[in-house]
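Enquirer: Listed below are the residues making up each chain.
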Amino acid sequence: MSAVWVVSDSWTMTRRELAHWARQPVQMVVGLVFPVMMLLMFGFLVGGGRGIDGEYVEFLVPGMLALTMAFGLEATLTAVTQDLNKGVIDRFRAMPMSSSAVLVGRSAADMLQSAVGLLVLAAVGLLLGWRWHGGAAAALLAFGLLLLLRFAMLWIGIWLGMVAGRPELVQAVQILVWPVGFLSNAFATPESMPGWLGVVVEWNPLSATATAVRDLFGNPAAAPPSWAADHAALLAVAWPLLLLAVFFPLAVGRYRALSK
Amino acid sequence: MAISVEGVHKRYGDKQALAGLDLEVAGGTVHAVLGPNGAGKTTAVRIMSTLLRHDGGTVRVAGHDVAADPAAVRSRIGLLGQHAALDEELAGRQNLEMFGRLHHLGARRAGLRADELLERFGLADTGRKAVKQYSGGMRRRLDLAASLITDPEVLFLDEPTTGLDPRGRAEVWSAVRSLVGGGTTVLLTTQYLEEADQLADRITLVDGGRVAAEGTADELKALVGADRIVVVLRDAARLAQAARLLPDPAVDPDTLTLSFPVQDRMAGLARTLRTLEEAGVEAADLAVRRPTLDEVFLRLTDREEVAA
Chain V
0 MSAVWVVSDS
10 WTMTRRELAH
20 WARQPVQMVV
30 GLVFPVMMLL
40 MFGFLVGGGR
50 GIDGEYVEFL
60 VPGMLALTMA
70 FGLEATLTAV
80 TQDLNKGVID
90 RFRAMPMSSS
100 AVLVGRSAAD
110 MLQSAVGLLV
120 LAAVGLLLGW
130 RWHGGAAAAL
140 LAFGLLLLLR
150 FAMLWIGIWL
160 GMVAGRPELV
170 QAVQILVWPV
180 GFLSNAFATP
190 ESMPGWLGVV
200 VEWNPLSATA
210 TAVRDLFGNP
220 AAAPPSWAAD
230 HAALLAVAWP
240 LLLLAVFFPL
250 AVGRYRALSK
Chain D
0 MAISVEGVHK
10 RYGDKQALAG
20 LDLEVAGGTV
30 HAVLGPNGAG
40 KTTAVRIMST
50 LLRHDGGTVR
60 VAGHDVAADP
70 AAVRSRIGLL
80 GQHAALDEEL
90 AGRQNLEMFG
100 RLHHLGARRA
110 GLRADELLER
120 FGLADTGRKA
130 VKQYSGGMRR
140 RLDLAASLIT
150 DPEVLFLDEP
160 TTGLDPRGRA
170 EVWSAVRSLV
180 GGGTTVLLTT
190 QYLEEADQLA
200 DRITLVDGGR
210 VAAEGTADEL
220 KALVGADRIV
230 VVLRDAARLA
240 QAARLLPDPA
250 VDPDTLTLSF
260 PVQDRMAGLA
270 RTLRTLEEAG
280 VEAADLAVRR
290 PTLDEVFLRL
300 TDREEVAA
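Chains V and D are the protein sequences, given in the same order.
Numbering follows numbering that gives the first Met the number 0, with no gaps: position 106 of the first sequence is 105.
Numbering follows numbering that gives the first Met the number 0, with no gaps: position 63 of the second sequence is 62.
By construction, these hints were calculated from the structure, which means they are not laboratory data.
Among the hints, a few may not be true.
Computed spacing ranges between beta-carbons, pair by pair [what the hints assert, rightly or not]: (1) Leu-175(V) to Thr-28(D): 25 to 35 Å; (2) Lys-131(D) to Leu-175(V): 24 to 34 Å; (3) Ala-256(V) to Pro-246(D): 51 to 61 Å; (4) Gly-62(D) to Leu-257(V): 23 to 33 Å; (5) Trp-4(V) to Gly-121(D): 29 to 39 Å; (6) Leu-196(V) to Gly-110(D): 55 to 65 Å.
Each residue gets a CB set at the ideal place from its N, CA and C atoms; glycine is no exception.
Construct the complete structure from the given sequences, taking the supplied hints into account.
Expert: Here it is, written out as structure tokens:
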């Protein structure tokens, strides 16, 4: 299979996802509105009584951006599960197309959707009074770290979808991502939590990205000084790379094992 | 041979799905693989269509070895799986166009081919609708159209009419018949004997992952041997009386019917009439029946009955 076909077939598979959005704009909009709703809910309902340096929104927006990336796992998992159950992947595999295009197309489309999601959420944040104070380069770097986390989640999602491949599991994962999401510093600082919980929260990959992004944006930090908080940027790169090192080969291996 | 399968084995964990399957299908013919659930039909199709790797034996499809050169096989086959392999959210035409592009037809030809196939399968009016709004029969026709994008040399149909209503089934049958004229080799699996009888030139009966019998429908029916004489009685008392008089009868009290095998149809018919008349048992109906494929199927795939 020549490289030209890999690119061309991957583009065809990406276009397939774009066509889904065009045909189901409501679903697309709901996907974008959900994190916005969470942001508003926490910003107004919860934030009203809290205030970190009186600027909870400044604290919350980077947390929500990171949380949205982590929750992207669900979208990937759902899409992979549906494809497997519909048998459409079998048709792709019995065609003379590039075999990597199915997964490459899935990643490209999910990353694109997540990038749009980030922009929408950031725009709403700006309306609520969130600002970044670190300059354009730092802001771009922050978005890069967020997308890196999403990319790691993407391959976990593909792997999980291949392993389970059943709608029931999608529901289970949809429930399980919540504690993982909340056991982070996306909404609150670890100092407000019991000691052991604070440690879990600090080492959550989601917290690393949120803290690193807050630093880059110049937003108030969550954590009291600790090793994890001091090395957030390092962890925000290391965690996703570690997850990718584990789940990328697992996912690709699973895809190949469809013919076993 | 368009398809040549020799001694193919496939094992899933400790379950032996195929245990030395052999299959030869001549070019331009329709071949049915018939068998009960779990006989290995789908496994065989998945191996022949490069979706699954076999453990042993050789499989050649359209002149290429599926293990050594799957890409060459893929560009020469079409596959209609058990479940519609379509993108339900997309329109019918979008599906066909996407598959055309992935067959490397290029954007323009993929579009033209999509329109051509929609027209041919009577879906031109509904080509812009999402597939999830299609009826079962329409979905199956679109699925079939998708497997014909490049006019495949060999077409695999895995239980093409399972789950369809009679009308949907008739639609698929006529679509398959129209293909045969074009020189396509068709291999179909089915649980419906009628379907094999209607569509196939030759039939392979598969059971327990190997071939139980192979031949034309008539050859297979002859395997079960004897024609049967069928007698319908007027009531249960006469049925019981007739059952005592006639040799080795199978009795069905619900329909007041009994049947038994005969070697010579005409002599058997005369003998039966005479026996019943002498005993004063009045029959409502009397007929000679050739064995159905159903009987062949049951006889050859049910081990207990074969042993008995």
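Enquirer: Now, for every hint given, state plainly whether the structure supports it.
Expert: These are the hints, each one checked on the structure:
{"no.": "1", "hint": "Leu-175(V) to Thr-28(D): 25 to 35 Å", "verdict": "53 Å, violated"}
{"no.": "2", "hint": "Lys-131(D) to Leu-175(V): 24 to 34 Å", "verdict": "29 Å, holds"}
{"no.": "3", "hint": "Ala-256(V) to Pro-246(D): 51 to 61 Å", "verdict": "58 Å, holds"}
{"no.": "4", "hint": "Gly-62(D) to Leu-257(V): 23 to 33 Å", "verdict": "25 Å, holds"}
{"no.": "5", "hint": "Trp-4(V) to Gly-121(D): 29 to 39 Å", "verdict": "33 Å, holds"}
{"no.": "6", "hint": "Leu-196(V) to Gly-110(D): 55 to 65 Å", "verdict": "58 Å, holds"}
Checked against the numbered hints above, the structure violates only hint 1.
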